[in-house]
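J.: Protein chains in written order, with our numbering: chain G, 12 to 141; chain S, 21 to 149.
Just so you know, these hints were derived from the structure itself, not from any lab.
Glycine included, each C-beta is placed from N, C-alpha and C at the ideal position.
Errors might be hidden in some of the hints.
[Unchecked claim] Far from chain G, some chain S residues (derived; all Cβ distances over 12 angstroms):
id : residue
1  : 63
2  : 64
3  : 66
4  : 67
5  : 70
6  : 73
7  : 76
8  : 85
9  : 86
10 : 87
11 : 88
12 : 91
13 : 99
14 : 100
15 : 102
16 : 116
[Said to hold, decoys possible] Footprint (simulated), chain S over chain G, 3 or more residues, beta carbon under 8 angstroms:
id : stretch
17 : 12-19
18 : 27-33
19 : 37-50
20 : 57-68
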Amino acid sequence: MLRRGAPADQMGLMKDQDIFLERLKLLIIMTKAYLRGYPLGDRRKAAVIENARYIFYRVLQLPAAESGKNTVEHLFNQRAQLLAVMAQSFAEGNPVGGFRKKAIEENVAWICRHLAEALGVSKMEFLQVA
Amino acid sequence: MRDIIKENVKITVVDHDRLTREFIVNVLMYCVNREVQGLELGSQLAGDPDAARQPDLVLAEVALPDMSGFELLKNVKRQHPETVFVLMSDRPRDETRAARLGADAFLAKPFGIQDLFDLVQKFVVGQRR
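Could you put together the complete structure from these sequences and hints?
T.: Structure below.
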């Protein structure tokens, strides 16, 4: 039997924050795949839009005290929301020119840096899937 | 040689927790570029008589409100032994029982997208020469 997921001594419920971070990673993968020209079928487009909406509204629902504890954390949430808008836009077929592409790449790079440095997401291999 | 997705693969996710269920459905739908069915209760899958809708891959939580994931596993494997069944749980003690009952994989919560990618790679993706 194949085994995946948390080690036995770290097992527990899926928390809201766990799901948010995993969905954000997925949105990064979706965006990188799009930027590299991987095909977006109908279901994939729907998955990107659904995921982007989740991230957008999850950040919106954060209590002001939680979303703005400090400038960096506030920026991280705003950048996650911006990525959600960008992803929804390309998945809906809106044109992505050179400057938009650069803005998306820069935003993804910033979020990845923050995930690695501030949130302790040490394993960035998930990006290789893209 | 390159990877291909098994044609018309049917995947069902059974989890009472909406956030977790929708998360898994979203990841898998993106991976396989197909509709993925999300169900809240085990009986919604166990009670479906239509064999044509029988999924190729089932991911089910052990603690379901109407029946346990173990019962669902036994039920599905009895009628469709070829179906790949992945049990999910947040309790370490469920792992041994899952193996004994013939689950193909055990997904320990909390898990990440990489774990779901691994399951797709193992059970859904074939290789073309």
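J.: Which of the numbered hints are not met once you compare them with the structure shown?
T.: 16
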